[in-house]
Amino acid sequence: MDRVAVLGEQRATVDMAVAAFECQGVEVGRIVAFADMTTTLPDTPYLLAVLCLTKAESAELGSLRRLITDCPDIPIVPAVCGPSLETALAAIRLGAFDLLTVPFVEEAIETLLGRARHHRLETMLRGFEVLFQHSSWFAHEVRNPLAGILNSAQLLREESARSPSVQRRLRVIIEEGQRMEQFLRRMTELGTPGRGMVAPASLSAVAERALARAEPQLRRQGIRLEREFDPGEPETRINAPHMELAVSRVIANAAAAMPTGGVMAVRTRHRPDEQMVDLEVTDTDCQTGPERERQLAGRFESSRLREAGLGLVAALRTFVAHGGDMSFRIRSGRGCSIIVRLPVDGHSGRA
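Here the sequence shown is numbered in my numbering, starting from 14 and rising by one per residue.
FYI, nobody ran anything at the bench for these hints, they're computed from the structure. Treat the hints with caution; some may be incorrect.
Pair by pair, the computed Cβ-Cβ distance ranges are [claimed, not checked]: (1) ALA48 / PRO244: 53 to 59 Å; (2) PRO55 / GLU119: 25 to 31 Å; (3) ASN164 / PRO85: 46 to 52 Å; (4) PHE151 / GLU119: 44 to 50 Å; (5) GLU228 / ARG184: 28 to 34 Å; (6) ASP56 / LEU102: 39 to 45 Å.
From the three backbone atoms N, C-alpha and C, an ideal C-beta is built for every residue, glycine too.
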C-alpha cells in the first residue's frame, strides 16, 4: 500500500488531508513537529508528503524550503487555503512537487497520487540507468580475460592429473571463475533493452514458463507455489522473451524475501473495462518491514535483497517499455504483493 505523510500543526487542516487521502486507499502517517519531519521522512519510503500551511507567508515558505532541502527524495506538496498565484509560483520555485488547495477536491487528490506514482517509477529507472549502461561494459571488459584464465586452468588441470594437490587448487580456480561468469551474465542481462519486437502472447503462459524454470529452486527453498490464471485473459502485445525474464525477476524478488520458505501466489487477471491485464506475485514474508519497503523503493541495504532488488528495477524497465507499470502492496505481518499492469494493445510502450 502506498504511504503518504501529512505534516503540520493545524489539526483541522491535517484531519481533512488525512481523510482525503485515506478515501483513496492509501496509508497516511501524521507528523506534527517540524523536527520530527526532517528526521522521520528520509527513513520511510513515503510516496509523497503533504505540508499543511496556515498561510503561505515567508516564515512558512521557509519551512517548506528546509523540508525540501532535508528530504530531497520525497515529493513535497504544500496545502494552502486559497493560495494566490504568487504563492503557487513561490512554492514551485522552491522545489515543491505540486500545490493543493484547501478544501481538498477528490479529483485533485487522485491526479496528485497518479503523478506521484509515475514520478516514483521514473525516478527508480533514472537512478539505475547509468548502472545498467555500465554493467554491460564492465561485463564485456572482464569476460575476455576471465575466459583466458579458465581455459588455462582447464589445460593445466588436464596436464597435472598425477598431482592431487594441484588438481584441488585448479578445481577451486575453475569453480570460482565459473561463478564469476554467471555473475557477469546477470550483469549483462541487467543492461539489455526492455522491449523489442512485440507479438500477441498470453501473459499467463509467460508466467507459467517463468515458474517452470524457477520451481525446482523454489521447492529446495521450501516455497509452495499457488497459481491462479484468468481463463478469460486475452493475448497481450509483448516481447515474450523479455517479458519472461522480467517476470522471472519478480519471482526471484519474492523468493529472496522468503529464505526459509513460505507460500508464493502468482495470479493473472483481465480488466476488460480498462483493457489491462494484471500479474500479481504475492509472498508470505512475515518479517516485512522498513528494509523490504526501502528495497521496493529502490534503496538496497541488505545483501540478501540487493541483487533481487536490482533485478526488480530491471523488470520495471521492461514493464514501462511495454506501456505498463508496477506497484507494491505491503500487507503488515502477512507479506507483500507486487502488481504488474500491462495494456492489452501494447500502446504507450517505448522501444
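A quick look at each hint next to the structure:
{"no.": "1", "hint": "ALA48 / PRO244: 53 to 59 Å", "in the structure": "55 Å, holds"}
{"no.": "2", "hint": "PRO55 / GLU119: 25 to 31 Å", "in the structure": "30 Å, holds"}
{"no.": "3", "hint": "ASN164 / PRO85: 46 to 52 Å", "in the structure": "49 Å, holds"}
{"no.": "4", "hint": "PHE151 / GLU119: 44 to 50 Å", "in the structure": "49 Å, holds"}
{"no.": "5", "hint": "GLU228 / ARG184: 28 to 34 Å", "in the structure": "30 Å, holds"}
{"no.": "6", "hint": "ASP56 / LEU102: 39 to 45 Å", "in the structure": "31 Å, violated"}
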